[in-house]
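Chains as they are written, first to last, in UniProt numbering: chain Y, 1 to 280; chain W, 1 to 280.
It is worth saying that the hints were derived from the structure and are not from the lab. Worth double-checking, as some hints may not be accurate.
As the list claims (entries may be wrong) - Listed next, with one range per pair, are the computed distances between beta-carbon atoms:
(1) Y/70 with W/141: 29 to 39 Å
(2) Y/15 with W/35: 28 to 38 Å
(3) Y/70 with W/71: 35 to 45 Å
Cβ coordinates follow ideal geometry from the N, Cα and C atoms, glycine included.
There are 2 protein chains.
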Amino acid sequence: MEGYGLFLGLLGSAVALGFLSVVFALVWALHYREGLAWDGDAAEFNWHPVLVLTGFVFVQGIAIIVYRLPWTWKCSKLLMKLIHAGLNTIALILAIISLVAVFDFHNAKKIPNMYSLHSWIGLTAVILYALQLVLGFAVFLLPFAPLSLRATIMPIHVYSGLLIFGTVIATALMGITEKLIFALKSPAYSSSPEEALFVNTLGVLIVVFGAVVLWMATRPHWKRPAEHNPKLLQQNGGNEEESTMTDYNNADKTDVEFNSEAAARKRNAKLDEAGQRSTM
Amino acid sequence: MEGYGLFLGLLGSAVALGFLSVVFALVWALHYREGLAWDGDAAEFNWHPVLVLTGFVFVQGIAIIVYRLPWTWKCSKLLMKLIHAGLNTIALILAIISLVAVFDFHNAKKIPNMYSLHSWIGLTAVILYALQLVLGFAVFLLPFAPLSLRATIMPIHVYSGLLIFGTVIATALMGITEKLIFALKSPAYSSSPEEALFVNTLGVLIVVFGAVVLWMATRPHWKRPAEHNPKLLQQNGGNEEESTMTDYNNADKTDVEFNSEAAARKRNAKLDEAGQRSTM
Numbered sequence: 001m002e003g004y005g006l007f008l009g010l011l012g013s014a015v016a017l018g019f020l021s022v023v024f025a026l027v028w029a030l031h032y033r034e035g036l037a038w039d040g041d042a043a044e045f046n047w048h049p050v051l052v053l054t055g056f057v058f059v060q061g062i063a064i065i066v067y068r069l070p071w072t073w074k075c076s077k078l079l080m081k082l083i084h085a086g087l088n089t090i091a092l093i094l095a096i097i098s099l100v101a102v103f104d105f106h107n108a109k110k111i112p113n114m115y116s117l118h119s120w121i122g123l124t125a126v127i128l129y130a131l132q133l134v135l136g137f138a139v140f141l142l143p144f145a146p147l148s149l150r151a152t153i154m155p156i157h158v159y160s161g162l163l164i165f166g167t168v169i170a171t172a173l174m175g176i177t178e179k180l181i182f183a184l185k186s187p188a189y190s191s192s193p194e195e196a197l198f199v200n201t202l203g204v205l206i207v208v209f210g211a212v213v214l215w216m217a218t219r220p221h222w223k224r225p226a227e228h229n230p231k232l233l234q235q236n237g238g239n240e241e242e243s244t245m246t247d248y249n250n251a252d253k254t255d256v257e258f259n260s261e262a263a264a265r266k267r268n269a270k271l272d273e274a275g276q277r278s279t280m
Numbered sequence: 001m002e003g004y005g006l007f008l009g010l011l012g013s014a015v016a017l018g019f020l021s022v023v024f025a026l027v028w029a030l031h032y033r034e035g036l037a038w039d040g041d042a043a044e045f046n047w048h049p050v051l052v053l054t055g056f057v058f059v060q061g062i063a064i065i066v067y068r069l070p071w072t073w074k075c076s077k078l079l080m081k082l083i084h085a086g087l088n089t090i091a092l093i094l095a096i097i098s099l100v101a102v103f104d105f106h107n108a109k110k111i112p113n114m115y116s117l118h119s120w121i122g123l124t125a126v127i128l129y130a131l132q133l134v135l136g137f138a139v140f141l142l143p144f145a146p147l148s149l150r151a152t153i154m155p156i157h158v159y160s161g162l163l164i165f166g167t168v169i170a171t172a173l174m175g176i177t178e179k180l181i182f183a184l185k186s187p188a189y190s191s192s193p194e195e196a197l198f199v200n201t202l203g204v205l206i207v208v209f210g211a212v213v214l215w216m217a218t219r220p221h222w223k224r225p226a227e228h229n230p231k232l233l234q235q236n237g238g239n240e241e242e243s244t245m246t247d248y249n250n251a252d253k254t255d256v257e258f259n260s261e262a263a264a265r266k267r268n269a270k271l272d273e274a275g276q277r278s279t280m
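So here's chain Y without its partners, still in its complex pose (with noise of 0.2 Å):
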């Protein structure tokens, strides 16, 4: 693997931080505000950020990367893709178990539900969440997905992960600015009492870790490799990953061939088109 020591760094910092979060989501529960319990008061509202940056943004971001750990390289993708999903059913239910809290807590203090921008843009990055795990589970875990519509939801399955991703961590920020307004009034936000600048610290460590997955899940050298003999892989019965190398192959014989300008594009295209594949 190219940049190994690189890679091992990031991926070491990337878990770092998120734990670190977990871990600061919890000091902030714990220490600074009413605990954690499910009572319908401040204590059961605390669940919200430490199940949101336990699931949707420290499992989530793992589940992004899951693919690159080059040791998991020669297990089969059939288990890589059964890890994936796990993780990211974590994440969703974690998500949703927050959500459970957070009204419950609302309507036990007749607080209003989802008049945020925070709510808006969250529970629509969880329901999009939900539908990007039953569509990849359909497409790409299930046999039924024709190859040719497996290599046309990729990159689309691939960027809206990534999309979603962001959006989360987005939402965890407008959420900790909301928390903090809304708790500390004497001594307010404004006059940074140690909660906002322990809390505050917490948002810069989210950002930190989404840019190291992001980081990671974007480096096309960084990719588990797909397997390049197309005869063992119609033996194997192939995927979609499969598919696209072999066209990666025909269309280089193409250029081999014709070494036309169009011919080296079309090439490029299917070829950034297959550098898509792996993150589920």
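Given chain Y, work out where chain W should sit, using these hints.
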């Protein structure tokens, strides 16, 4: 151009969404708030969202996709770099003026500066954006940087450009959240007055604008095509784009000669790197 109709539709949507966001920011300032002035009062603060949305969101978004416009592909790369750098410079100037407005307002009103997560991440984004502009100018516009340096910096430049753009949108969402909580007291934000619904809608508009720009910027088949004749390029002096293209052609020959998996992977990585070109 592959998918020209879709490209035109998305370009039209991006321009419409960006323009509508600026209109929404103006209506917010002029109709719902205190208008626009430079008087140390709320009307001075209002320049902050108007200028951020105009420059740091709309103009920056257009600067990101300007290389994709197929009718510019006949223009020289130098001209397109100047337009890209020029648009980003305009965006930076507007962002800096928007910061002056908010610091000036805070100082006049004895409100502390730089206490919120919005301010921490927003100021960091402006500083990184300025560094990105200076570095981009030095490496890609001035004629001194060796081609190998340009090829090394290009993927970092593209990644940080898109990351800063996404971070700016996240910061705008935090800013909207802050301002609505502070400004709406009776009726409060939580009772969803008309202004709250209007400005939440503005938040949704900029997220969709960002999503469209990021889709357009990351589609490999919508990239500005590179010239394909290494001899011609050498005569013209070449640049980082042509350099990666030359590597690509050389790598091609190597592959045909050896046809090894290692060579194929190396070429794949180089091609993918080359695929990162042309966003500056």
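Consistency of the hints with the structure:
1. The hinted window of 29 to 39 Å between residue 70 of chain Y and residue 141 of chain W holds, with their beta carbons roughly 38 Å apart.
2. For the pair residue 15 of chain Y and residue 35 of chain W, the supplied restraint of 28 to 38 Å is violated, since their beta-carbon distance comes to about 50 Å.
3. Look at residue 70 of chain Y against residue 71 of chain W: about 43 Å separates their beta carbons, and that is inside 35 to 45 Å.
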